[in-house]
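Kindly produce the complete structure, drawing on both the sequences and the hints.
Protein sequences, first through last, are from chains A and B.
Take the first sequence: its position 246, counted from the start at 1, is 246 in UniProt numbering, and no numbers get skipped.
Take the second sequence: its position 278, counted from the start at 1, is 278 in UniProt numbering, and no numbers get skipped.
No lab work stands behind these hints: they were computed from the structure.
Even for Gly, the Cβ is constructed at its ideal location relative to N, Cα and C.
Check the hints yourself; a few may be wrong.
Stated by the list, open to error - Derived coverage of chain A by chain B (criterion: at least 3 residues anywhere in the stretch with Cβ under 8 Å from a Cβ of chain B; other residues may be distant): (1) 51 to 60; (2) 67 to 76; (3) 98 to 109.
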Amino acid sequence: MTRPIIEVEDLSYKYARDSVLEQVSLKVPEGAFLALVGPNGSGKSTLLKLILGLLRIQTGTIKLFGEDIRQFTNWDKIGFVSQKANSFNSGFPASVLEVVQSGLTKKIGLFKFPGKEHRKKVLEALESVGMLDFKDRNVGELSGGQQQRIFIARALVSEPELLILDEPTVGVDSKNVHQFYELLEVLNKNMGITLILVTHDVGTVTNIVTHVACLNKRLHFHGDANKYHSLDEKELSSIYGHGVQLLSHNH
Amino acid sequence: MISGIFQFEFLQNAFLTGIIIGALAPLLGVFVVVRRMSLIADALSHVTLAGIAFSLLLEKRFLVFAGLNPLYMGMAFSVIGSLFIERLRDVYKHYQELAIPIILSGGIGLSVVFISIADGFNADLYGYLFGSVSAVSRTDLWMIAVIFVIVILTIIFLFKELFLLSFDEEHAKASGIPSKWIHFIFIIMVALVISASMRIVGILLVSALMTLPVAASLRFANGFKQTICYSVLFGEISVVGGLFLAYYLDLAPGGTIVMIAVGLLIASILVGKLKVRIA
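Okay, here's the thing in structure tokens:
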């Protein structure tokens, strides 16, 4: 594959005395669809926050698009759909258009106003997630799955090369989860966006992703999805720790 | 009859000031409410009171300060108070609402101390607590007009940043906009608007003017910009209506304004219910 979009090396992180990440090294090549899986409290969210620059690095390095994260300024190349998108203030009086346009805030720039071309991009982003008909509705009135599409549109509108999704299917019912993953496949295959999907729902996603990384403080497995499929139950349970029920759709 | 009201300069001042804050308080109030910071307005208004009491004390004790407009000191205290709130919210990360009672009671405590040192003030203080039509001077009007221009320009030019910060703080930070600075500018604007509104509605009722019109418009507005428009509309109806009623019925203006705002809120809740039933 081509150039790596994310290179994490020897990354460790502690909250007070509790170690959350230990010597994590990870490479995400361009065009990949990586599932970052691990149980609750495995350090997934911390790793994401570090990659997004929301937390300061303690030890180790992160390179984004080949550039050290401390010098990195091109944040609009990275789109982010957070877990919180599910629990946002649903009484917030914002229309779908306003929310999606807020994804362009950085790109438009301080003290500048959105123009025609920005409005066009907003409509295109809504079209690509199939939510154009809802553009004038208040976001709070939509269902969980629809809201999640709006948040993806908000991330897409700034035309990111990398899209990071933190457990986006929490609170979305199972029928819509399937459609949601189809949308992600389209973004990855047809639009060429590199995706990182954080999830603890291992079984469903391993069939659509290209790479898998299993995190539980340390990185226990990192490789392409086919290799992950060839792991047997014993190896899997050593990755996740014993007593964890695994639902593998690897028939 | 209406022309009669405007032949007095003090009434002109009161109405022009009222029209300005009728737009300004709800406009900023929308951001305050959606960010769940409604009580901050209350805390800051009490700090403003401490500033005013301090200024009145200086005026009483030292001749040099005789001409000083208490609003300046009120504003200074309010801005300093807003910085303290931010600091406290940082210190008590898991109890962010603690900052509000700390600043609120600190503000009242300080005011009471200043008042007792001065052996009480005359009717002046009453006007600051509950608002007063006759108290608004030309200088006040000019100062409030300047605040209006500053706040409006800031909101226009930082609108999309303020929106993003209100809607999704985490996303704002992740997208790389200077969210700390924008929040800082925002909180200073809140402090300024509170001191500006105080002359008309009074310290104890300032937060009502920032939150009630917004609460009413939240019932049926579609989208953020529409919420702002309705809030400003309700704010203006409350202030202008309240001032007229207060003048003709000889009522306290602050209270009358707030009661109209409460009336609009109740009406909007009823209308909202009706809408749901029809749909």
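Each hint, compared with the structure:
Look at the segment 51 to 60 of chain A against chain B: 3 of its residues bring a Cβ nearer than 8 Å to a Cβ of that chain, three or more, so the hint holds. A stretch counts as covered by a chain when three or more of its residues have a beta carbon under 8 Å from one of that chain; for the segment 67 to 76 of chain A and chain B the count is 3, and the coverage holds. With 9 residues having a beta carbon nearer than 8 Å to a beta carbon of chain B, the segment 98 to 109 of chain A meets the requirement of three or more and the stated coverage holds.
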